[in-house]
Each structure stands twice: as structure tokens, then as C-alpha cells.
Amino acid sequence: MDAWKFDLTQYDSVWKLVVNIILLLIALLAGNAIGKAIPFMRKAFIPSALIGGLLLFLANLFCDKVLSFELIDPRIMQIITYHALGIGFIAMTLKSVEKAREKQGLYALQNGLLTGGTYMLQGVVGLIITLVFYWLGAEIFYDSGVLLPLGYGQGPGNALTWDINFGSYGFDGNGSFGLTIASIGFIAASVVGVIYINVFKKKGEIQPRIKSNERQVSDFEGSNEIEDSESVDKTSIQVAFVALAYALAFCIMVFFKKISDWTNVSLFNDVAWGFNFIWGVITATAIKAVLKLLNKKKVVRKKYVNNYQMDRISGFAFDMMIIAGVAAIDIEVVAKYAWVIALLCVVGAVVTFFYVSIICKRCFGKYRHEAFLLNFGTLTGTASNGMILLREIDPNFETPVGSIYVLSQFPAMIAVAPMLLLLNMSAKSPQNCLITLCIFATLFVLYTVIIALTSRKKAVKA
Numbered sequence: 064m065d066a067w068k069f070d071l072t073q074y075d076s077v078w079k080l081v082v083n084i085i086l087l088l089i090a091l092l093a094g095n096a097i098g099k100a101i102p103f104m105r106k107a108f109i110p111s112a113l114i115g116g117l118l119l120f121l122a123n124l125f126c127d128k129v130l131s132f133e134l135i136d137p138r139i140m141q142i143i144t145y146h147a148l149g150i151g152f153i154a155m156t157l158k159s160v161e162k163a164r165e166k167q168g169l170y171a172l173q174n175g176l177l178t179g180g181t182y183m184l185q186g187v188v189g190l191i192i193t194l195v196f197y198w199l200g201a202e203i204f205y206d207s208g209v210l211l212p213l214g215y216g217q218g219p220g221n222a223l224t225w226d227i228n229f230g231s232y233g234f235d236g237n238g239s240f241g242l243t244i245a246s247i248g249f250i251a252a253s254v255v256g257v258i259y260i261n262v263f264k265k266k267g268e269i270q271p272r273i274k275s276n277e278r279q280v281s282d283f284e285g286s287n288e289i290e291d292s293e294s295v296d297k298t299s300i301q302v303a304f305v306a307l308a309y310a311l312a313f314c315i316m317v318f319f320k321k322i323s324d325w326t327n328v329s330l331f332n333d334v335a336w337g338f339n340f341i342w343g344v345i346t347a348t349a350i351k352a353v354l355k356l357l358n359k360k361k362v363v364r365k366k367y368v369n370n371y372q373m374d375r376i377s378g379f380a381f382d383m384m385i386i387a388g389v390a391a392i393d394i395e396v397v398a399k400y401a402w403v404i405a406l407l408c409v410v411g412a413v414v415t416f417f418y419v420s421i422i423c424k425r426c427f428g429k430y431r432h433e434a435f436l437l438n439f440g441t442l443t444g445t446a447s448n449g450m451i452l453l454r455e456i457d458p459n460f461e462t463p464v465g466s467i468y469v470l471s472q473f474p475a476m477i478a479v480a481p482m483l484l485l486l487n488m489s490a491k492s493p494q495n496c497l498i499t500l501c502i503f504a505t506l507f508v509l510y511t512v513i514i515a516l517t518s519r520k521k522a523v524k525a
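If you use the numbering used here, the sequence shown corresponds to residues 64 to 525, in order.
None of these hints come from the bench; they were simulated from the model.
Please note that a few of the clues may not be correct.
Restraint-style ranges between C-beta atoms, simulated for each label pair [unchecked claim]:
1. Ile300 with Ala480: 30 to 40 Å
2. Ile85 with Gly230: 28 to 38 Å
3. Ile322 with Leu92: 37 to 47 Å
4. Lys361 with Cys314: 28 to 38 Å
Even for Gly, the Cβ is constructed at its ideal location relative to N, Cα and C.
Working from the sequences, and respecting the hints, build out all of it.
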């Protein structure tokens, strides 16, 4: 075995990853400090992670252009963004969720279809824009418009993954195209959400609720959970379950890769690595089912998964994903495609605003404002943006909107699945892209019709 040292001569192999992670966390602290210190930032609910990512992006740009060295490694930033997406979804999935009340089941279905319908609408708008400009002779990848729903709807992780995957079809976005859309989505969610709240407060339609600062033990720990004083730290157990789920997801990806090798069909390999978060959700669901069965059979008498700590793990993963994703943006790619990115983001935000507003008004009655803020924030930014906006007018989650959103995640996943499955086919040719656009439009109409037929005119009851 070759000898090696912990000094600067071994920077790439020993220190580079650690230094890049340290820079991410320092940027998060700086972003949080700036967000708290500047009134506009605080009132606009712009995420500290986004501010931190922009700071790190600007610092790296200065070091690169002025001092002639890279402060961060873009590849490491992209790797962190990719894995943080999967880890965040796994932690969210491992949480236990209360059973739906019978009268909330329909609203959960409608909210799931709202998510799917918005994805399809964003996909239609995005593909129309890029296809039209491609046919007019503009230097643009015909299928790049599909990154609008991935950047807005799913955030930096998936936008980065598929931006890079499209490189095999001739797209030179290098991840930065999708990451920029996702970053603008955070701003759209925050700014539009704040304006919406202020407008309807002045109209008297939004009545501020008093925020309760009292925290109960149940906020941090469920009944019959393992104690903090166990021989293994309770947080370590939570991290281990997330790691187990991700390891199993990796096994699924390797299995698909082997199928691709055996059949010589590249689709299996593309599907394997492009959907790390989906496989993570599947394996986390399986682990949760096994634990539930073992508890029921009294083989395991304690509950091992803690919801509060899983929230912290997913929150940390998504913060890292946002900072790394923004920091990894290549300014030259953004400059090249600035016009189409701006057009996609503006039109995407407008159609998302009106569609979500119309559906929430029809389905959620007196809770339509809460439903709009949660869904619009999520469908342009992330779930964190949506929850921040919801808590501004419903700080104690007194309305059923929050629980309906959680329960809607399974139908939403089913509704969004066709888009994810069509991504590879769409990228292969302009003709395939047009076919995919038509499928998205059909699904958008189908989901919207189902919502219209199942919606009730009376308000949601808590």
C-alpha cells in the first residue's frame, strides 16, 4: 500500500471534498445572517440556503475571473446536489404519517392531481417555447423546455440530473441551465407569495392568526420511541435508516444497469441513474412497511423512526442541495441561454400562478389562500418554500391544508410519473418531443377534468 500524507500535496484526495462541504456550511451561515439582517430579505422569505448559494457563486466567480483559481469544485457541487435530492426524499418518506380522515381523502387526491396538472402545464409551456424557437432556427435544444417543470416543480437536484443527461443528445447546458431555472423558482415562490399575502390581507380575505411559541414534547418525540439514552445515539439510528434506504436504492440502480448490459437497451441504464430519488422513496417505503409489520408482530417493541429528526435530516439535505446547486451554476452557460431561461421562468410562473389559484379556489373554499400559498410555493420552489408561506398565515397548522398536502404525495407521485418516464424518449428527436408535448397536454386536460368533476363548492371542513 502506497504511503500518503495529510498535507497540501494530497489536497485533491484528502482535503478537497471536506473543504467544499465546509464552504457550503459557511455560506449557509452567511446567508442566514444576511437574511436576518436585511429587512427585505426577511420579509420576502427568501431561503437562507438560496442567499448562501448566491454568495458562494459570486465568491467563486470573483476567485475564478480575478484571482485565477477555483474556490469550489463544480463537479463536487453537482454530486452533492444529486445525492442530497435522494437523501432528502428518503428522510421525508421514512416519517410516519397519520391516517387520512375519510373526508380529507378526496381533497388529498385533488391536491395530488393539482401537482400533476401543474407539472404537465409547465411541461407543455416549456416545450412549446423551446420547440418554436428551435424550428425558427435559434441555437437551442428542442427539449430543454422540459427542464421548466423539473426546475420549478422538483428543484435543483432533478433539474441538474436531467440537464446533464441531455448532454448525450447534444445539449450543452452542463447542469447550469436547469440549476438557474430552479434558483429563479425559489425567488418566484418567495416574492410572489409575499405579494399575494399582502394583497389579500388588505382586502380582508386573509386574517392573521396568532403564532404559538409553545412546543410540546410530542413535537420532538412520538409515543413508544427508543430512548435518547440508548447505547447508540438516536440521531445515529435515523441517519443509519436513511443510509440503508439509499444503499438499497443503489442496488436497484445497479440491477437496472445490469439489465441494460444484458439486453443492450440503454433505456434501463438511463432510467436507473436518473431517478435516484424515486428508488429512494420506494426503498424507504419498504423499510417503513417492514418496521410497521415488526411492531405489529411484537418482534420490535419500540419505534425507531423519529419524525422530528427525519425532518431535520431532510431539511439539512435540501439546504445543502440548494446551496450546492446555485454555487455550481456556470455563468457562461447562463449568459448564452439567458433569453430563453428568462422567458421560460416568467411564463412558467404566470401560468402556474393562475392554474393553482383557480384550482385552489374551486376545491378548498375558505382555505383556498392557505392551499394556494403551499402549492404555489412548492410548485415553483420546494416544499420548504410552500411551508414557509403557509406558516405565515397558518402558523400553528390549524387548517387541514398541511395534512392534506402530506397525504397528497402518493397520488401526486402517480400523476407525475408519466412525465418522468417520458424524459428520455422526448430528448431523442424533435418529433418525439412533439409527441411528448401532446401527451403532457392530454394528461393536463385529464387531471383538470377529474379535479373539476370531483370538486365541491362547499369549503373544506377541518
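- Mind listing which of the numbered hints don't hold for this structure, in increasing order? Violated hints: none; all satisfied.
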